[in-house]
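Everything in the sequence shown is counted per this note's numbering, starting at 1 for the first residue and increasing by one.
It is worth saying that the hints were derived from the structure and are not from the lab. Be a bit skeptical, because a hint or two may be false.
[To be verified] Cβ pair distances, simulated, as ranges: (1) P194 - V108: 19 to 25 Å; (2) E167 - A38: 21 to 27 Å; (3) K198 - K79: 18 to 24 Å; (4) W99 - T32: 20 to 26 Å; (5) Q118 - A38: 50 to 56 Å; (6) G31 - K190: 35 to 41 Å.
[As the list claims (entries may be wrong)] Here are the simulated BS3-like pairs of lysine-lysine, each with C-alpha atoms no more than 25 Å apart in a straight line: (7) K208 - K92; (8) K246 - K186; (9) K197 - K74; (10) K208 - K79; (11) K184 - K92.
Glycine is no exception: its CB is placed at the ideal position from the N, C-alpha and C atoms.
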Amino acid sequence: MTSKNLPKFVKSHHLNGYVNNHQVNFTRAFGTNNKEDATYNRPRTWDGQRILTPSKKQSITQKHYAMFLKPDHKISVQKVQQVLGSHFNNTKYDSNGKWVGGYRPINVPTDVESHILQIRPNVPKEMAGVQWLAMASPATSVYVPFYTNVNNTPANYQKGTDKPDNESAYWTYKMTRVLTDPYKNKLVNKDVVPVQKKTNRHLKTSLKDNDQQAKNLTGDELTTFLTQCNQQNADYAQNIFQKLNKKLIVDSTRQKKIVQDKNL
């Protein structure tokens, strides 16, 4: 689906990718395919297509990938979360593993936030919009579902400056990333992943339960209720990760001692 004048635009400006019969290769016309793309961009395309369409076997070093590719299964919110949090997980290119100086992943340690906007067809329109928001790096954070028909945002998401603190949501999840970074997959798999799974299960159940309660509400009463639900989910997830961070401080200290003892 494109503007009907787009092929004419490509041809008149002598862009690459134009072929006869007004057909256009949009990748060639509007994209780049240089040495930087080989390590910075194309591998991320490979990883996303690997996750969503694993039946199509491709190489990370290919110079071209399909612009549109049908997924093997219908894509859920959780699958999108997996893509946005991916660092070539379960491949030899894992940027948290032994692959040094390799390809740039979809998820990088410097991520500030990641979000998924969902319009749900199976609930009243007043509560159909949900923003799934992960602060800091989604690989070590969690996507919290927030209703969008609200009159305020959670207090812990209103706080925060460029100085670390113990109250803002961002700095809680950023601390998780910082604490795991020296040992990457070791502490992520041991400590973070189980907590992510537990928190995701709770938030998914909470969203379902809140939907049921909200169906009987309208107007300002509904908006107030959805606002309260957002605060409760935000508090639950942040509290869990604050406890996780305390555990990570202990485990990272132990891990450091193990490494030091091996070097003696």
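Here is how each hint holds up against the structure:
no., hint, verdict
1, P194 - V108: 19 to 25 Å, "23 Å, holds"
2, E167 - A38: 21 to 27 Å, "43 Å, violated"
3, K198 - K79: 18 to 24 Å, "19 Å, holds"
4, W99 - T32: 20 to 26 Å, "24 Å, holds"
5, Q118 - A38: 50 to 56 Å, "34 Å, violated"
6, G31 - K190: 35 to 41 Å, "40 Å, holds"
7, K208 - K92, "38 Å, violated"
8, K246 - K186, "17 Å, holds"
9, K197 - K74, "21 Å, holds"
10, K208 - K79, "18 Å, holds"
11, K184 - K92, "15 Å, holds"
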